[in-house]
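Novice: Each protein sequence line maps, in turn, to chains C and Z. So the first sequence is numbered by my numbering: it starts at 1 and just counts up by one. So the second sequence is numbered by my numbering: it starts at 1 and just counts up by one.
Some hints could be false.
Below, simulated DSBU-like cross-link-like pairs (lysine-lysine); rule was C-alpha separation at most 35 Å, straight line [what the hints assert, rightly or not]: (1) Z:Lys22 with C:Lys2; (2) Z:Lys38 with Z:Lys53; (3) C:Lys107 with Z:Lys19; (4) Z:Lys53 with C:Lys79; (5) C:Lys79 with Z:Lys18; (6) C:Lys111 with Z:Lys18; (7) Z:Lys53 with Z:Lys18; (8) Z:Lys18 with Z:Lys38; (9) Z:Lys19 with Z:Lys9; (10) Z:Lys41 with Z:Lys9; (11) Z:Lys53 with Z:Lys41; (12) C:Lys79 with Z:Lys19; (13) Z:Lys22 with C:Lys111.
Derived by calculation from the structure, the hints in this document are not laboratory data.
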Amino acid sequence: RKEVEQDPGPFNVPEGATVAFNCTYSNSASQSFFWYRQDCRKEPKLLMSVYSSGNEDGRFTAQLNRASQYISLLIRDSKLSDSATYLCVVASLMDSNYQLIWGAGTKLIIKP
Amino acid sequence: DTEVTQTPKHLVMGMTNKKSLKCEQHMGHRAMYWYKQKAKKPPELMFVYSYEKLSINESVPSRFSPECPNSSLLNLHLHALQPEDSALYLCASSLGTFTSSGNTIYFGEGSWLTVV
Chain C
1 RKEVEQDPGP FNVPEGATVA FNCTYSNSAS QSFFWYRQDC RKEPKLLMSV
51 YSSGNEDGRF TAQLNRASQY ISLLIRDSKL SDSATYLCVV ASLMDSNYQL
101 IWGAGTKLII KP
Chain Z
1 DTEVTQTPKH LVMGMTNKKS LKCEQHMGHR AMYWYKQKAK KPPELMFVYS
51 YEKLSINESV PSRFSPECPN SSLLNLHLHA LQPEDSALYL CASSLGTFTS
101 SGNTIYFGEG SWLTVV
């Protein structure tokens, strides 16, 4: 089992729709969780950190479920500009350092 | 706009060349990173510098040689690379190496490397 798993997609979604995707992680001791977005041929950019209580930033909502070891990202009222690859990142303690484990990404395509 | 600056943005080099990738940040971050990313794959960690000292080397071949001249600069020296080393090389920084909710990693725009 991979340490961090994501559905690679692509998710083809009409503009204005709501879309959600999950990311599962295997290390139950993982401490911090993030969603990054990466546009084609660009660098990854932090979208949001994921907190235990869940958090919302505009149209984006992130949730953490420690019991089932997954995080989720919900995008409401999707825009064409939301088309990107969404990377799940999990920070786990390894050899006294927190290291980031990256999922392979979920590709999202918003269609007009 | 990213506050991590990388140069050059594009580099084409032969297998016998020696070149360097450069990275600079002025956010006062004390951890800096080199990642390698191939198409349709997530970034792979290569090196981590913490307080200007190499703290993590993910078994990277010696043809890649990192250098941290000071807390704001990070270089990656390249020598005798192979075509399979062609990739996007991303520099990143964070406030510290221990990642917490307030200690996220910020990436530069990357250097596209092609080895011919």
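Novice: Evaluate each hint against the coordinates.
Specialist: Verification of the hints:
1. Taking the CA atoms of Lys22 (chain Z) and Lys2 (chain C), the gap is near 33 Å; set against the 35 Å cutoff, the hint holds.
2. At roughly 27 Å between alpha-carbon atoms, Lys38 (chain Z) and Lys53 (chain Z) fall within 35 Å of each other, so this suggested pair holds.
3. Restraint check: the Cα-Cα separation between Lys107 (chain C) and Lys19 (chain Z) comes to about 34 Å, which is no more than 35 Å; the hinted pair holds.
4. A threshold of 35 Å between alpha carbons decides the hint, and for Lys53 (chain Z) with Lys79 (chain C) the separation of about 43 Å lies outside it, so the pair is violated.
5. Taking the CA atoms of Lys79 (chain C) and Lys18 (chain Z), the gap is about 44 Å. The hint is violated against a cut of 35 Å.
6. For a cut-off of 35 Å, the pair hint linking Lys111 (chain C) to Lys18 (chain Z) is broken: about 45 Å separates their Cα positions.
7. Pair hint Lys53 (chain Z) plus Lys18 (chain Z) holds up; C-alpha atoms about 23 Å apart against a cutoff of 35 Å.
8. A hinted pair counts as satisfied when its Cα atoms are at most 35 Å apart, and Lys18 (chain Z) with Lys38 (chain Z) qualifies at roughly 21 Å.
9. For the hint linking Lys19 (chain Z) to Lys9 (chain Z), the alpha-carbon distance of about 13 Å falls within 35 Å, and the restraint holds.
10. Taken as a hint, the Lys41 (chain Z) and Lys9 (chain Z) pair is honoured in the structure, with Cα atoms around 20 Å apart against an allowance of 35 Å.
11. Taking the CA atoms of Lys53 (chain Z) and Lys41 (chain Z), the gap is about 28 Å. The hint holds against a cut of 35 Å.
12. Between the alpha carbons of Lys79 (chain C) and Lys19 (chain Z) the distance comes to roughly 41 Å, so the proposed pair goes past 35 Å and is violated.
13. Under the criterion of a C-alpha separation no larger than 35 Å, the hint pairing Lys22 (chain Z) with Lys111 (chain C) is inconsistent with the structure, at around 38 Å.
Checked against the numbered hints given earlier, this structure breaks hints 4, 5, 6, 12 and 13; the rest are met.
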